[in-house]
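Colleague: One letter stands for each residue in the lines below.
There are 2 protein chains.
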Amino acid sequence: MQKIHVGLCGLGTVGTGVVNVLENHQEQIKHKLGCEIEIEKILVNDLDKPRDVVIDRAWLTTNPDELVDNKDIDVIIEVMGGIEDTNKLLERALNNKKHIVTANKDLMAVHGQKLLRLAKANKCDILYDASVAGGIPIIRSLSDGLASDHIEKIMGIVNGTTNYIMTKMTDEGLPFDQVLQEAQALGFAEADPTSDVEGLDAARKMTLLANLAFKMELHLEDVDVTGIRDITQEDINFAESLGYTIKLIGIASIHEGKAEVSVEPTLLPKDHPLALVKNEFNAVYVHGESVGETMFYGPGAGSLPTATAIVSDLMEVVKNIRLGSSGNTYVDPQFERLLKDDNEKFTRNFIRLEVNDKAGTFQEITNVFSNHAVSFAKILQLPGEEEGTAEIVMVTHKISRGQLLKSLAQLEELDVVRRLISHYRVDGEE
Amino acid sequence: MQKIHVGLCGLGTVGTGVVNVLENHQEQIKHKLGCEIEIEKILVNDLDKPRDVVIDRAWLTTNPDELVDNKDIDVIIEVMGGIEDTNKLLERALNNKKHIVTANKDLMAVHGQKLLRLAKANKCDILYDASVAGGIPIIRSLSDGLASDHIEKIMGIVNGTTNYIMTKMTDEGLPFDQVLQEAQALGFAEADPTSDVEGLDAARKMTLLANLAFKMELHLEDVDVTGIRDITQEDINFAESLGYTIKLIGIASIHEGKAEVSVEPTLLPKDHPLALVKNEFNAVYVHGESVGETMFYGPGAGSLPTATAIVSDLMEVVKNIRLGSSGNTYVDPQFERLLKDDNEKFTRNFIRLEVNDKAGTFQEITNVFSNHAVSFAKILQLPGEEEGTAEIVMVTHKISRGQLLKSLAQLEELDVVRRLISHYRVDGEE
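Protein chains in written order, with my numbering: chain A, 465 to 894; chain B, 465 to 894.
What the hints contain is simulated information worked out from the structure, not anything from laboratory work.
It is possible that part of the hints are untrue.
Copies of the same chain look alike in the list, so a pair counts if it fits in one copy or across any two.
[Stated by the list, open to error] For lysine-lysine, the following DSSO-like pairs were computed, each having C-alpha atoms within a straight-line distance of at most 27 Å:
(1) K578 to K496
(2) K804 to K870
(3) K496 to K722
(4) K742 to K617
All chains, full assembly: derive it from the sequences and hints.
Modeller: Here you go:
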């Protein structure tokens with residue numbers, strides 16, 4: 465029986481998971497592929513670190529050359545993370561005709577298109593389904609299952625840490641800092657949570673999904689990113705009283721060939737499928753012209769779900785090797801990169817203002833909005849926290865981002881407006 | 465540019481959808497595949513029927529030979545339905561080395577394994593992702609995306625008609641017959657709704673999913689099927705007061721190499737992801753050993769979602785033709801067909817009894833259950849509709865089907881028991 469030899473870069477929790485999944489599903493893999501998969505070398509930082517898995521010491525090395533220059537290795541599985549050094553390593557591997565499976569969304573969001581093209585030029589595969597929503601085969605579904613559709617919009621909860629935090633803040637009324645600490649203690653948040661909390665991790669994943677869905681080469685810099693750090697319990701409560709739940713949502717949409725990608729706190733109707741996705745779970749909602757709404761739901765991360773996605777990708781790579789059909793998973797972008805400007809981005813908005821509570825205030829404010837043709841679906845006015853102040857909470861009809869920004873700028877210049885407390889996108893309803 | 469020629473069998477709503485999707489996505493398909501797809505012939509019953517789509521009259525034929533024996537045709541798309549005659553036609557097509565894409569779950573549930581083997585022997589592909597939950601790439605996800613996992617359980621809402629009926633009965637308190645009529649008027653139910661309402665349609669789809677998930681050749685006859693016709697508003701209300709929603713759920717599970725597949729009305733906790741799937745939508749919940757819970761949600765049928773799934777399958781067939789890798793999508797079953805017997809099927813149950821309301825009744829009943837080691841999580845006793853009667857509503861802990869059936873048989877022999885009103889499976893909780 466033919467053997468395919470794998471070099472594994474990284475032996476953290478995901479790498480250990482890959483070793484376990486390969487071992488536990490050996491028979492299944494052999495049956496399906498008609499060949500064996502064998503780990504040849506594992507790249508680690510420390511040969512002597514105690515491991516959760518029994519590993520042949522001869523497999524371990526601290527020298528990447530023993531993997532990427534190794535004539536016996538057919539496929540590199542990259543689960544060590546990092547961007548620039550890892551990119552150089554994978555470029556070398558591809559030039560040495562090694563196929564690649566990676567879970568590294570940071571790398572793929574920055575260098576993905578170059579790596580994919582290099583792979584194709586070398587007749588190699590590079591698969592990365594594990595990099596977005598580990599337990600959900602979303603990349604495969606976008607590139608194959610929905611291949612014949614025109615995808616108009618993707619909305620995703622693609623970061624488990626922030627969804628966990630938003631769930632606890634919403635359901636238990638706890639403040640951000642306390643929930644973050646809990647999440648760190650439970651292992652749902654990193655010691656340095658910046659990349660999750662600021663929305664960068666989600667932005668990387670949305671870049672990958674938008675590229676595939678819209679067949680366009682979008683860059684990480686094209687994503688408008690706002691994190692969840694400033695969301696308060698009052699925001700959540702006002703949203704709730706108006707029938708909404710606040711989630712960190714990545715949205716990618718396309719209209720007349722122009723794309724828009726953002727990651728930002730978003731108010732969704734409480735019964736929207738994404739509003740019901742709780743805790744560390746991920747979900748990706750896809751709207752296709754023909755298929756209508758579909759949603760994919762599952763664990764976003766975790767050692768075993770991610771390892772399973774990696775081994776499924778590995779099985780596809782091996783199948784292609786066996787059939788002589790490698791190097792055909794990547795398709796060049798079909799469309800030119802075109803982005804909407806602020807006057808082409810339409811959305812509803814939730815806005816909270818603190819104002820002086822005196823006669824004429826409300827009219828001054830509505831004047832500003834009507835100057836910019838902004839109209840409202842819902843308006844609440846309540847006594848402010850401080851004597852002599854009031855709070856105004858509004859949900860606009862669909863307006864352009866240009867209209868929104870100009871209105872807010874002009875409002876902040878009014879004497880009666882003490883401050884703009886917060887404003888968020890509203891989506892998921894007609 | 466190379467051209468792939470397609471023969472389309474059937475030009476109903478789905479067939480018309482296929483023609484439209486192929487036409488509207490020509491550029492996208494050419495870009496992705498590097499070749500053109502052209503319809504060569506369309507098999508219809510009536511050449512002169514008015515159509516919703518502009519069709520070259522020369523494409524139409526009433527003679528199947530012009531498709532299956534046509535040397536110019538590479539791929540047959542079968543969307544005409546039917547079982548035995550259609551099977552013979554597809555067998556001929558395969559023996560003539562034509563690849564097949566079909567949306568016909570009735571056919572695939574009965575003859576699928578034989579057709580898949582025949583395709584493989586002829587180095588042809590036969591793809592059928594459109595046959596289950598049209599808008600959801602679930603077959604692809606089970607066979608590729610989750611290929612490296614051990615799938616332990618699938619729970620599916622795979623019939624839109626019955627889910628629509630159950631939703632209306634639950635949310636609007638309407639009786640079965642009225643909702644069925646409404647569904648027929650809206651086109652969500654067939655004029656003859658038997659196959660949907662009795663659960664047979666769902667059973668066919670669950671057979672296909674279970675075969676793939678468990679890598680075992682299960683037959684339609686292996687599925688225990690109960691429909692929704694006998695569910696009453698009282699069942700729904702009692703379920704609701706205990707925290708459950710009733711849905712028609714297909715369940716396939718495997719334990720120690722033995723499988724179990726059923727389609728039956730099932731009580732799910734109100735916040736279970738499947739309980740939240742409303743109206744004609746479908747969803748398939750998959751539990752894998754490594755991946756944990758994932759769920760796929762989308763439209764179950766409809767002309768365009770199904771046509772999209774068909775064209776996505778067609779694109780895979782064409783890709784395989786171009787790469788010379790046809791005939792490798794099917795994998796022989798890995799495991800012997802083994803089924804659980806009644807003593808190996810464990811579940812919780814919801815049971816309603818009408819009893820004589822006199823001293824000692826309750827004890828007689830609980831005696832029967834305790835003789836069979838059946839214990840309860842929840843018990844309600846209420847006055848019956850008739851004077852001197854009472855109703856007992858119970859939810860058992862997990863017991864075997866053997867225990868359940870023996871207890872119920874013995875209960876029905878008791879003088880104090882007037883009748884067993886209903887009993888349903890309870891699932892989706894620990």
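Colleague: Looking back at the hints listed earlier, which ones does the structure fail to meet?
Modeller: Checked against the structure, no hint fails, so every one of them is satisfied.
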